[in-house]
Structure formats: structure tokens, C-alpha cells
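Engineer: Top to bottom, those sequences are chains A and B. Per the numbering used here, the first sequence runs over residues 9 to 259. Per the numbering used here, the second sequence runs over residues 9 to 259.
Please note: incorrect hints may appear among the correct ones.
[Claimed, not checked] In silico lysine to any residue, SDA-like type, Cα no more than 20 Å apart, as pairs:
| no. | chain 1 | residue 1 | chain 2 | residue 2 |
| --- | --- | --- | --- | --- |
| 1 | A | Lys120 | B | Asp223 |
| 2 | A | Lys204 | B | Val60 |
| 3 | A | Lys42 | A | Asp235 |
Just so you know, the hints here were simulated from the structure itself, not pulled from any lab data. Quick caveat, the model's predicted, so the values are computed rather than measured.
2 protein chains.
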Amino acid sequence: MANNGSSITAALVLVGNELLSGRTQDINLNYVAKRLVDHGIALTEARVISDVAEVIQSTVNELRARHDYVFTTGGIGPTHDDITAENIAEAFGLELIVHPEAERLLRQYFEKRGVEANAARMRMARTPYGATLIDNPVSVAPGFKIENVYVMAGVPRIMQAMFENIVPTLRHGEIVESVSVICDLPEGQLAEPLEKIQDRFPAVDIGSYPGKTSDTIRVNLVARCADQPTLELVEDALKQLVDSLGGNLLD
Amino acid sequence: MANNGSSITAALVLVGNELLSGRTQDINLNYVAKRLVDHGIALTEARVISDVAEVIQSTVNELRARHDYVFTTGGIGPTHDDITAENIAEAFGLELIVHPEAERLLRQYFEKRGVEANAARMRMARTPYGATLIDNPVSVAPGFKIENVYVMAGVPRIMQAMFENIVPTLRHGEIVESVSVICDLPEGQLAEPLEKIQDRFPAVDIGSYPGKTSDTIRVNLVARCADQPTLELVEDALKQLVDSLGGNLLD
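With the rest of the complex left out, here is chain A (with noise of 0.2 Å):
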């Protein structure tokens, strides 16, 4: 079963060639996930992306058309490397302009911290024509909305902040619980009775985890469903199969 069963979906866009190369570990989409969970939305997927002009536009159309929600993370500093903001205009065909009130929140905050407000700096001011902007308790520089599309900052302290800020405005859709049964049976010998558990729960999407210790078998059996007495059957379910096979419930 796909989308965890809610029928608002997203999909995540991490723009970065830091991500492509190795050099940054992305703990972003880690994040998102499951905060959309937490909130009745299915992230069915998500792309990683080089700093790529013509890649950003196409990525950011495709995925629009095709979800309720995108969020894209990366690109939106100072420096010549970023460039989300002017694509995202781009894909949309709209203007980019100088937000005003991005503006004169960026001149404020360099004018307090006695920076200058130069070119650079005020690059960040940038957004498509008729955007509105996500506060960014952080480090002010703010994201920005246009339609169905959110542009967050790449860096995680920050895009958390801000993709906080955006939650509770989005619609929610029916929140989709999980159960963990853990066991020490192998995955060949639940197999075939996980899949009658899963034949006779459709609804359910009941997947399979091994850990990752090497010669303590240690498997996750995760269930989720929105229906919580639905879930609790297969809780059952998957806890008298280990049962039957003489295993052993752990944690």
C-alpha cells in the first residue's frame, strides 16, 4: 500500500550538490517525514538535486502538478551558489522581485547587528512575484510560498524553524498510526504468515524491518493505519505469529 494511506500527499525537493557529493549528510527529509505523518500527509517522495537551474525548474513543475504539497530545502543564501529563489520564479513563469517586506525585515536585522545591507545580503529578499514569505526565527532571512510550493532554507536548524512555521497551515489529513512489533524470528520464516496477516488487512501497510545487528536477529514488523481499532487487530495479529513460531517479543 502506498501513501500511508492519507490522500494528501507531498513530496520533498532537497536542492544541493553538498548532498550529490557526500560532503553533508541530509538529516532533512528525515524530519519532514515524519512531521507530515504527524500530520495526516504521505510524503510519497522525495529528490535530491544539484544546483542545477534547468534541473530545479523541471523538478519543481513536475512534482507540483502532481502533489498537494512541495517543499523544497536549500538554496536561498547569499552567495552565488544559491539559486532556488530565482529558479522557482522561473518555473512559475512570475517575476522575481524584491519582497518588500523581506526587505525591510533583512535591512532591519543587518541594521541592528551593524552589517551591511550589500547586494548579496539583500539577494535573500528575492521572491516570485506574489509569494508570501515563512518567518525564519532563526536568522530572518524568510522562505517564501508560492501556490503549493514552500522553499526552505537548506540548513536544518533552520528549515525546522521554518517548516514549523508552515504546518499548521496546511490542510491535515487523517492521521495515520503505527505499531512496532519487534521479535527475534528471522524474515524468511515470518514471511509467508506476515503476508495472510497482510492479505487479510488491505488497508494496513504492514512492513518488514531487519536490524542491524549481525548475529542477533532482530526484525521490526511496522503497521500503519488510520484506523486505530483496525490496527489494534493486527497488532494482535503480528504479536500471536511470533508467538506461534516459538519467537520472542523484544524491547
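Model the placement of chain B on the given structure of chain A, informed by the hints.
Structural biologist: Same frame as chain A, but now just chain B:
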């Protein structure tokens, strides 16, 4: 600049609902990214997709047409949610067969460990017709290669072992070297002269990455280029830039 300058490009497809639900923090992208850089292959995109038949098929077909190499991780275990092998076969229009050598290896392994070679376990012997196996020194169940697509396990330790068996078989491009100049100057101050350096050296990919500390400024200027003498010129230029702006080199 895109592609780290290499003319050999690759895409990575991470298959798994557990990444999109936030249950699992991916570390496979970072591993593959670094190792490809080491071998002069440019990872230009990565996708995280759900365990959905048509999504796996369309993603693989789109990417294999565009890249020299496509690597996939996840979905080749024994349980019902492991559907990568059958969908790679479907994507190629090939029959899914029981690979004789994979079957032999698995039967031998199961026999030695005294576990039943049941139908679920033997699912792991299935490959598209004509695939060659990728050795799995960790848990035997092999990955496979069909044309330019390499299908690996999702568990990082197994994925890494499989990937290390693949690497020597790949065409290697010109190695892209990188230098890193870390300083205590804000990006907003560095940006304009940094862009001038980028303009002077268009063959070099210069990125600016602010650190995650809160009040201390720590910006990492990273330059990537296959030509070592050019890279040394850029490193000097970056250090001179930091010095001329009154900053300090860190680390």
C-alpha cells in the same frame, strides 16, 4: 556547475516506505555519493520512492535512459513488501526467473545454517532473465545487475558490501578533487568577492556552506575540480579572500 565535472553520471533510487515515513534515517545516499566521487562518477540525482510497483518501474525506466549507471537500494528481502526485483524485471520487459546460481548459493547457505529453504526465502533468488549477480558477503542473498541498473539491499551494511563489489566493475571518470577553506566570515560578506572567484574559474564548482553553530560564524568554502593545478589556484584565491576581509581560517 553541475555534475562535479565528471562526464559519467549516476542516479540513486532509494526504495522504501520506511524512509518516507521517517521511521528510518537514510545513510545510503551519503555512502554511495562519497564512493562515486572517489571514482570520478558524478551522482547527479537521487530519489526516494515508495514500495509501489508502477513507481519503481517508471522511476527506473526514466533514470536508466538518462544516466550511465542507476543504483537502487531496498526491497529485495524475503517478505511481501520486498517488490523491487519483480518490478525491475517488469521495467525492462523481462521475465522474472529463479537465477540458478543465486538458488544454489541460497540453498547451500540455508542448509549450512539448518534453516528451511522455504518459498519466501527462495524469493531472494529471483532476478530478471539475463541479470548477473552482485555478491553479498554479509548474508548471501545477492543483488543483481541488469544492463546499467544495479539492484542492492537496503540494509546499509549489506548495501555497502554489495557496492564495494560493484565499484571495480564501473567505468571510472576523471577524479574530481576538492579543497575546503573554512573561515569565520559571514556568507553575506564573502558572497560578492566569492562570486568573482567563481567567475574567474568557471570549470571549478565553488560552494559556500554555513555551519550549524549559533553565534560563532563558520563558513565552509568548498571547491571541486578535476584539474589539480587549477584547484590549487582557487584554494589560494579563497585563502587570500578570507585574509583580505580580515577573517581567520578555521580548523
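Engineer: Hint by hint, note whether the structure agrees.
Structural biologist: Status of each hint after checking the structure:
In summary, the hint linking A:Lys120 to B:Asp223 is supported, as the alpha carbons are separated by about 15 Å, within the 20 Å threshold. For the given pair, A:Lys204 sits about 19 Å from B:Val60 by alpha-carbon distance, which is consistent with the 20 Å threshold. A distance of roughly 19 Å separates the Cα atoms of A:Lys42 and A:Asp235; the hinted pair therefore holds under the 20 Å criterion.
This entry satisfies every hint, going by the numbered hints stated previously.
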